[in-house]
Amino acid sequence: AQTVTQSQPEMSVQEAETVTLSCTYDTSENNYYLFWYKQPPSRQMILVIRQEAYKQQNATENRFSVNFQKAAKSFSLKISDSQLGDTAMYFCAFMKVLRGATNKLIFGTGTLLAVQP
Amino acid sequence: DGGITQSPKYLFRKEGQNVTLSCEQNLNHDAMYWYRQDPGQGLRLIYYSQIVNDFQKGDIAEGYSVSREKKESFPLTVTSAQKNPTAFYLCASRTGGKTNYGYTFGSGTRLTVV
Numbered sequence: 190a191q192t193v194t195q196s197q198p199e200m201s202v203q204e205a206e207t208v209t210l211s212c213t214y215d216t217s218e219n220n221y222y223l224f225w226y227k228q229p230p231s232r233q234m235i236l237v238i239r240q241e242a243y244k245q246q247n248a249t250e251n252r253f254s255v256n257f258q259k260a261a262k263s264f265s266l267k268i269s270d271s272q273l274g275d276t277a278m279y280f281c282a283f284m285k286v287l288r289g290a291t292n293k294l295i296f297g298t299g300t301l302l303a304v305q306p
Numbered sequence: 003d004g005g006i007t008q009s010p011k012y013l014f015r016k017e018g019q020n021v022t023l024s025c026e027q028n029l030n031h032d033a034m035y036w037y038r039q040d041p042g043q044g045l046r047l048i049y050y051s052q053i054v055n056d057f058q059k060g061d062i063a064e065g066y067s068v069s070r071e072k073k074e075s076f077p078l079t080v081t082s083a084q085k086n087p088t089a090f091y092l093c094a095s096r097t098g099g100k101t102n103y104g105y106t107f108g109s110g111t112r113l114t115v116v
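These protein sequences, in sequence, are chains U and W.
First residue of the first sequence: 190, per the working numbering; consecutive thereafter.
First residue of the second sequence: 3, per the working numbering; consecutive thereafter.
Extracted from the complex, chain U is given alone in its bound form (with noise of 0.2 Å):
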């Protein structure tokens, strides 16, 4: 079975700083896509970033971008120039891809995100 692991429960960044997200996952799958989604304290749950497993680049949108490291199961993510509109949950997501498969997300528990002005 899928895993996947937040280990840092609460963060806290100043404005304008640049913090970087852990995640780490555990699959015996080679095709797969790996996520991050934020909840904001309205709790929409809005997708922030995607990387596709057989993909070597790093996925980027914007201010946020990853750290893919497949080898080790590393996935990151790194949030440059944060934004008081940052301060959300950050979830880590995992969904295995096979012909039929449900495509269900594996979520790990969260990063709570705080940035101070």
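Note that these hints are calculated values from the structure, not bench results.
These numbers were taken from a predicted model, which means no experiment stands behind them.
Wrong hints could be hidden among the right ones.
What the hints assert, rightly or not - Below are the DSSO-like pairs computed for lysine-lysine, each with C-alpha atoms no more than 30 Å apart in a straight line:
no.: 1; chain 1: U; residue 1: 285; chain 2: W; residue 2: 72
no.: 2; chain 1: W; residue 1: 16; chain 2: W; residue 2: 59
no.: 3; chain 1: U; residue 1: 285; chain 2: U; residue 2: 259
no.: 4; chain 1: W; residue 1: 59; chain 2: U; residue 2: 285
no.: 5; chain 1: W; residue 1: 59; chain 2: U; residue 2: 262
no.: 6; chain 1: W; residue 1: 11; chain 2: W; residue 2: 73
no.: 7; chain 1: W; residue 1: 72; chain 2: W; residue 2: 59
no.: 8; chain 1: U; residue 1: 259; chain 2: U; residue 2: 244
no.: 9; chain 1: U; residue 1: 244; chain 2: U; residue 2: 267
no.: 10; chain 1: W; residue 1: 73; chain 2: U; residue 2: 285
no.: 11; chain 1: W; residue 1: 85; chain 2: W; residue 2: 11
no.: 12; chain 1: U; residue 1: 285; chain 2: U; residue 2: 267
To be verified - Partial pick of chain U residues on the chain W-facing surface, computed with a CB cut under 8 Å:
no.: 13; residue: 232
no.: 14; residue: 234
no.: 15; residue: 280
no.: 16; residue: 292
no.: 17; residue: 293
no.: 18; residue: 297
no.: 19; residue: 298
no.: 20; residue: 299
Idealized CB from N, CA, C, for every residue including glycine.
We have chain U; now place chain W onto it with these hints.
Chain W only, in chain U's frame:
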């Protein structure tokens, strides 16, 4: 605009009562999912459905039931057999296409046992 609507936003249940959480989507998505969120435990899968009239148990299905009579709707019933139902419930949907693995989430229902 297309999206997922969950209702109600807040729900209170008395001990021994069954309650039903609504989830409706107008995205024409094939697959729909119910997740439960508890503090410190992330999101855990309750039930999922890939097509109409078919659904499967997730990791924590005990005490819950679902139906999928229409593509747009996937209601979740929390039965009296669920011993600790107080939680935040999220519904999600996903297109069945092979190239799109993105989920769309609803805004959630907060269920409290009183």
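Taking the hints in turn, this is what the structure says about them:
For a cut-off of 30 Å, the pair hint linking residue 285 of chain U to residue 72 of chain W stands: about 27 Å separates their Cα positions. As the CA atoms of residue 16 of chain W and residue 59 of chain W are separated by approximately 25 Å, the hinted pair is consistent with the 30 Å bound. For the given pair, residue 285 of chain U sits about 14 Å from residue 259 of chain U by alpha-carbon distance, which is consistent with the 30 Å threshold. At roughly 17 Å between alpha-carbon atoms, residue 59 of chain W and residue 285 of chain U fall within 30 Å of each other, so this suggested pair holds.
The hinted pair formed by residue 59 of chain W and residue 262 of chain U meets the criterion: a straight-line CA distance of about 28 Å does not exceed 30 Å. Only pairs whose Cα atoms come within 30 Å are accepted, and residue 11 of chain W paired with residue 73 of chain W is accepted, the gap being roughly 22 Å. Simply put, residue 72 of chain W and residue 59 of chain W have alpha-carbon atoms about 18 Å apart, close enough for the 30 Å limit, and the pair holds. Pair hint residue 259 of chain U plus residue 244 of chain U holds up; C-alpha atoms about 10 Å apart against a cutoff of 30 Å.
The suggested pairing of residue 244 of chain U with residue 267 of chain U holds, with an alpha-carbon distance near 18 Å, which does not exceed 30 Å. Distance check on the hinted pair: residue 73 of chain W and residue 285 of chain U sit about 24 Å apart at the alpha-carbon level, within 30 Å; holds. Restraint check for residue 85 of chain W and residue 11 of chain W: satisfied, since their Cα atoms lie roughly 21 Å apart, inside the 30 Å limit. Between the alpha carbons of residue 285 of chain U and residue 267 of chain U the distance comes to roughly 23 Å, so the proposed pair stays at or under 30 Å and holds.
Hint status for residue 232 of chain U: holds, given a least beta-carbon distance of 5 Å to chain W, under 8 Å. Hint status for residue 234 of chain U relative to chain W: holds, with the closest Cβ pair at about 4 Å, below 8 Å. Proximity of residue 280 of chain U to chain W holds as hinted, the smallest CB-CB distance being about 6 Å (cut-off 8 Å). For the restraint placing residue 292 of chain U at the interface with chain W, the shortest Cβ-Cβ distance is roughly 6 Å, inside the 8 Å limit, so the hint holds.
Given the 8 Å rule on beta carbons, the hint for residue 293 of chain U holds: about 6 Å separates it from the nearest Cβ of chain W. Because the smallest distance between the Cβ of residue 297 of chain U and any Cβ of chain W comes to about 6 Å, under 8 Å, the interface hint for this residue holds. Given the 8 Å rule on beta carbons, the hint for residue 298 of chain U holds: about 4 Å separates it from the nearest Cβ of chain W. The interface hint given for residue 299 of chain U holds, since its Cβ lies 6 Å from the closest Cβ of chain W, which is under the 8 Å cut-off.
Going down the numbered hints, you'll see the structure goes against none, and every one checks out.
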